[in-house]
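From first to last, the protein sequence lines are chains A and B.
Going by my numbering, 98 is the number at position 98 of the first sequence; the sequence numbering is gapless.
Going by my numbering, 584 is the number at position 180 of the second sequence; the sequence numbering is gapless.
Do not take every clue at face value.
Said to hold, decoys possible - Just so you have them, the derived chain B footprint on chain A, three or more residues with Cβ under 8 Å:
hint, region
1, 69-78
2, 100-112
3, 166-179
Read the hints as simulated data drawn from the structure, not as lab findings.
All C-beta atoms in this analysis are idealised placements derived from N, C-alpha and C, irrespective of residue type, glycine included.
The lines below spell out each chain.
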Amino acid sequence: MPWVRRLLLVGLVLWTGAAAAQDRFSVNGDVDLRWVQASGETSFLNGGLGILRFDSDHEGFELGRAFLAPSWRATDIMSVNAVIDAYGDGDRNAVDLSEFYLDVRPFPTGPIRWRARVGAFFMPVSLENRGIGWTNVYSITPSAANTWIGEEFRTIGTELEARWLGASSGYFGEVAVIAAAYGWNDPAGVLLTSRGFGLTDRPSELFGGLGRPPLDFYHEIDRKVGYYGGLSWTHHDWLELRALRYDNHGDPGAATEAGGSAWRTRFTSLGASVEPIEHWTFIAQYLDGDTTVGADSLGPQQFYLRFHTDFVLGSVDWAHERLTVRYDDFDTHEVRGSYAPPVDQTGHGWTFAWSHRFGEHWQSVVEWLRVASVFPPREELGESPAQVESQFQLAVRYRFKLAW
Amino acid sequence: MVVDHDGRGVAEVVVAITPTAAMPATAHPAVVKPAVMDQRNREFAPRVLVVGVGTGVEFPNNDSVSHQVYSFSAAKRFQLPLYKGQPHPPVTFDRPGLVVLGCNIHDSMVGYIYVTDALYFGTTSADGAFSLKDLPTGEYRVVVWGPYIADAPASLVRTIHVDNQPATVRFQLSLALRARPEPRPRRRDWDY
Chain A
1 MPWVRRLLLV GLVLWTGAAA AQDRFSVNGD VDLRWVQASG ETSFLNGGLG ILRFDSDHEG
61 FELGRAFLAP SWRATDIMSV NAVIDAYGDG DRNAVDLSEF YLDVRPFPTG PIRWRARVGA
121 FFMPVSLENR GIGWTNVYSI TPSAANTWIG EEFRTIGTEL EARWLGASSG YFGEVAVIAA
181 AYGWNDPAGV LLTSRGFGLT DRPSELFGGL GRPPLDFYHE IDRKVGYYGG LSWTHHDWLE
241 LRALRYDNHG DPGAATEAGG SAWRTRFTSL GASVEPIEHW TFIAQYLDGD TTVGADSLGP
301 QQFYLRFHTD FVLGSVDWAH ERLTVRYDDF DTHEVRGSYA PPVDQTGHGW TFAWSHRFGE
361 HWQSVVEWLR VASVFPPREE LGESPAQVES QFQLAVRYRF KLAW
Chain B
405 MVVDHDGRGV AEVVVAITPT AAMPATAHPA VVKPAVMDQR NREFAPRVLV VGVGTGVEFP
465 NNDSVSHQVY SFSAAKRFQL PLYKGQPHPP VTFDRPGLVV LGCNIHDSMV GYIYVTDALY
525 FGTTSADGAF SLKDLPTGEY RVVVWGPYIA DAPASLVRTI HVDNQPATVR FQLSLALRAR
585 PEPRPRRRDW DY
């Protein structure tokens with residue numbers, strides 16, 4: 001989508017120039033360096049069918065991520081936000097954008113507060129990835145569900161939110177209804193089919209790709225508008241529930257001359273975050289859906305995949321420490337299609353993370369995760385379908401915020 | 405004194421005291437200077453402020469981040485565009501009633517300004533106590549209000565007679581508070 005790229009570049013230039021004289025410009029930044037030890041199959045990011053970010057050929061010192069997140073509050077109710085990333089892993093662009101959007105929040109004139117986002121941004125589905133640019137606040141690696149959301153999905157369109165502010169009625173909570181219309185997400189589903197679920201903290205970039213050869217996710221192929229709708233409920237400050245129904249409304253028969261296909265991908269995500277007592281957080285999320293590619297006329301040859309994943313997470317924090325443990329479960333099932341062997345995946349994984357914050361800017365995170373999965377297509381690489389992969393990471397992060 | 409159903413003091417409860425009969429002019433308290441509703445650590449401080457009708461309230465922002473304070477309550481609708489420090493003049497609250505404050509950037513920020521035409525008022529301390537000295541002799545109507553109190557407003561009114569002896573009014577709530585009186589510490593998730 002070259003015109004989108006041109007538009008974004010023009011926007012960035014205008015934004016930078018206009019912001020120079022403002023007192024409303026801020027930049028959050030993060031440099032995340034890692035020491036990694038990994039065992040198991042070659043990562044899908046490096047051409048294999050391993051489902052972790054790193055593998056035995058990519059150990060030692062690595063760049064976890066470096067990002068800048070500039071934000072310009074153009075008016076009192078409108079801000080322009082971007083996340084500019086570098087991962088140092090040979091993606092198509094050494095520096096790329098993962099988000100770029102306009103955020104409009106009129107002052108409430110009643111108990112309903114409206115908000116709109118226009119541009120390219122992550123959908124509001126994860127209860128883990130609460131930080132800027134889809135960063136996870138509980139561990140380095142997000143769950144299988146939110147790994148996948150970060151990899152294959154970006155809302156390139158408009159999202160509207162109506163939030164009932166309960167405080168004005170004496171209720172300590174909020175209820176929000178969210179709806180979005182978007183395009184350029186027709187390939188969503190291709191990575192899930194070719195690899196299954198993964199556990200990585202490597203979301204895709206708007207103009208980059210993932211894997212070898214790289215898979216792209218942000219193309220408009222069928223000229224049909226996708227949508228999602230969601231509900232969230234925050235009760236007091238200890239319970240948050242989220243539900244979201246996503247449907248990219250793709251035409252599975254549409255394809256480009258270059259061979260790109262539109263996938264019809266739909267899923268439902270249900271999530272809950274509970275903090276029953278101070279310092280303890282429990283999160284659970286369930287995601288279930290399907291994806292289809294190929295014209296309806298193919299009949300039983302039309303590819304149809306069902307998938308499901310869920311996780312539970314417990315986390316406790318004290319002083320400058322946070323300990324987190326998470327269990328992931330995931331599977332995909334090729335209901336129809338001609339893949340042989342079938343792209344059926346089953347797996348589960350454990351993640352343990354300990355983060356320590358020292359000072360205002362520095363944080364270290366130690367994470368160990370172990371995941372066991374079965375994926376028959378590994379036979380084509382001469383490997384056993386069943387693999388147990390593990391990964392140890394020590395992250396040292398420096399974060400800063402500048403404001404003018 | 406305001407205590408919950410277990411007898412523990414309830415803080416941040418507004419106490420408004422009005423004589424039931426007209427008072428001599430000399431009994432009226434002096435006009436107070438502008439009150440202050442501060443913003444620190446992404447919270448309003450105090451969370452509950454009580455002011456007399458016609459009082460100006462300053463809204464200094466002593467946070468490291470900008471805020472946009474607003475209210476759409478019937479007693480006072482106003483907006484303070486994005487700011488740090490104290491660029492805006494005091495806001496005058498000229499009608500009695502409850503004003504719920506919010507920040508258009510940080511939804512978790514909630515504050516309350518209780519605007520009263522009572523002669524005497526204040527908020528309870530951590531032990532649930534509020535006291536006044538040298539109250540003129542007479543009969544008074546005492547009303548309490550708090551954002552976490554679930555009891556019916558009609559049960560939160562007392563009439564007392566004040567003479568030369570100390571007088572005490574005790575409000576014991578029959579229903580549990582609607583939410584924790586103390587806010588949780590902000591998440592230590594480094595979510596900046």
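Query - Indices of hints not satisfied (ascending) - result: As far as the earlier hints go, not one is violated by this structure.
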